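Asker: Sequence lines, in order, name chains A and B.
Every letter in the first sequence is one number past the one before it in my numbering, and letter 106, counting from 1, is 106.
Whatever position you read off the second sequence (first residue = 1), add 313 for my numbering.
Derived by calculation from the structure, the hints in this document are not laboratory data.
Model, not experiment: these values are computed from the prediction.
Backbone N, C-alpha and C define an ideal beta-carbon position, used for all residues, glycine too.
There could be a bad hint or two in this list.
To be verified - Pulled a few chain A residues facing chain B out of the computed Cβ check, cut under 8 Å:
#1 L2
#2 A6
#3 R98
#4 N110
Claimed, not checked - Sample of chain A residues at the chain B side, in silico, Cβ under 10 Å:
#5 M1
#6 E107
#7 M312
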Amino acid sequence: MLGKTAGGLYWMFRFLERSENTARLLEAGFRMALTRSSDAESEWKSVVTTSGNGIGYEAKYDTYTDTLVMDWLLRDADNPSSVMSVTKSARDNARLVRTALTTEVWEAVNDNWMTLRDLLRDPITTVDLPAALAIIRKQSALVRGALYGTMLRNDIYDFARIGTFIERADNTARIIDVKYYTLLPSASAVGSSLDNVQWEMILRSVSAHRCFRWLDEKDMTATAIADFLIFDKRLPRSLAFCVKQTTENLRYLEQEYQERHPCHDQADRLKRWVAGTDINTVFDLGLHEVVTEFIRDNNALGTQIEQDFRFMA
Amino acid sequence: MTKEPTTYDEMIQPDGSVTSPYRTYDAWFKSQDPARLESKSEEAEAFFRRTGITFNVYGEAEAQERLIPFDLVPRILSHREWSRLSKGIEQRVRAINAFIWDIYNRQEILRAGRIPKDLVAHNEAFLPQMIGFTPPGNVYTHIVGTDIVRTGEGDFFVLEDNARTPSGVSYMLENRETMLQMFPELFAQIRVQPVSDYPKNLRRSLSASAPQACVGKPRVAVLTPGIHNSAYFEHSFLADQMGAELVEGHDLRVVDGRIAMRTTQGYRVVDVLYRRIDDDFLDPLSFNPESMLGVPGIMDVYRAGGITIANAPGAGIADDKAIYSYMPEIVEFYTGEKAILKNVETHRCAEPDALKYVLDNLADLVVKEVHGSGGYGMLVGPAASKKEIADFRKKLEAKPANYIAQPTLSLSTVPIFVDQGLAPRHVDLRPFVLVSPQGVNITPGGLTRVALTEGSLVVNSSQGGGTKDTWVLED
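Build out the structure end to end from the sequences listed, making use of the hints.
Answerer: Okay, structure coming up:
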């Protein structure tokens, strides 16, 4: 496979993943603002910070309101991570690697772009937001379904999956990082009502508010939630799950190509760290510090993968 | 005094009867509910959008990707019409390859005085780098798209030879695919020669032209300028259909005297490069030094027999519009036969008598730039305003050698599907020809382009033209 094609696949799936995560984050922020209107501005601010590129937002706007943040995250062409921007980038990358995709995957990505382009042509009002987010999520599901259902399990698939999980790990880590202070263990065993709202917001932004309750093993505490988001391998958006997937797909590439690269060692180190650490150690070291380091290592892994598989000349 | 030309319609004769190739289709069409056809037409458009069969339009920020409108009435040629056409095309393509070899080697046709030396020596398409070099298998034009127009039942003319990188073949294939999906019952009633072998034949033809240095099964790649190119869809489509890699210049480099592509497992040799970029951009070391699209050093590798480039650099010398006017002589010189297909009468404005005639008759002529393409930079006299003609006259007088002029041909018409049923529109035809050391292969049919505006003669997709599926009937 061409290095450029591998890169196109990797980025295509990073962008698709980002689109879905942004939609989810926006949904969580929206609920939060609805239920706690007094603090809405700071909640919207944390949503923008979590999605990255808060600097770009502040260069453009002075205040954080639902209308502005929604537009920034959904439609703004100045925001390279807005849903519309990443949807277009995903489709551009899909065009670049079209020969590596099945017709079904290409059509799903193309249809995703056409649908969202129509959906997001005009600003979305708060009344229309839930329906719009539902469409965005559904479109992502269609692309993922086409990928699962039609693609050969070879190197093409591996690069698509690696892009997905590097991006997802980054997203989840940033959600934890922006809200880390609400996840610090407090003296009281049960959180205040304020904590509960914050925790719910965090769980919602990784679509885990119901499954956390379903697991029903622990009380809802800061420690339990942080543990869940970082270490629970059953949660498809936890850091542990993402690292496991990335490592696995890298191992398939090692087997197929009969070649081991520095990125394999880096991924293994990350995996060993996850396996050898528990939530108490994380709190001892400092949640913020640990998550910041994870974000850095995860990004470094992505960069190393780009080099090792020659995405660029 | 100019006589009002009468237009030949390929389906309906002046007495209202239907020509023989269209009879079965006509009966089927009359039995159809127009509302169903209308919905089929919309279905086709949705299909093209979904699959992304689009072309990019330069200079338009919004809606950069456009569809070429597809008309659901096929253009039908009889077996007999096609067999004469294909013989004529094959003859012409063989002559073109012999001509190009001659121009870059012995130049006998120049020495014989059949073509003016200046026309070659001062031609931008002539590449000194090709002098004394013979490409693998002596093939220069691996892919040709000969533009044919028709003015009467038996009157076919070659309008252009397109020996560089002709596009449109993906539309030929997708148009057929669309028709098969929409109207399977038609293909049960009418026996149409298939076109779907084209990608396989293209691959085979390119592989057969592999260079000396090739070891084992030839590796073929398609070189594209990238996703922003107007024909990118076609590049990826062809690569996909052939099972070849789609590469850009920055994916390639010279490694140990060969051209190699950067893969996830290191550099891998390419044997045959089907390039869809112009000569000028191919190699910054040999041609345009600013080019980011090409591969530095590829011309040296090429001349040393390390890679096959299709079409060969410098092949454009044969499809220059000034050379075009000599094509009947060229065919005769190299094949010893009269040309089967006619040329359109062409006035070379470089010649004083011709220039005078052209200036006196601008309102009736089509004037084209010698090196232009895509319908840009041309004057269609009968359709132009007085001001446009006056402006063009100045350009022509300033640089007469840049132009040729042809009479306004009354292109044949084929009906398209409109609200009121069928309505005639002018068409042309681009059959696709593959040349390899093993021979010439012409896909039966080709791309029919149709001017969708009533009375218009401009069929270019960049200027409002559409396409039709083209059927060649089985014997």
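Asker: None of the hints should be skipped; say for each whether it holds.
Answerer: Hints versus structure:
1. L2: With Cβ-Cβ at 6 Å, under 8 Å, it holds.
2. A6: 5 Å, holds
3. R98: 4 Å, holds
4. N110: 5 Å, holds
5. M1: 5 Å, holds
6. E107: 5 Å, holds
7. M312: With Cβ-Cβ at 8 Å, under 10 Å, it holds.
In this structure, none of the earlier numbered hints is contradicted; all agree with it.
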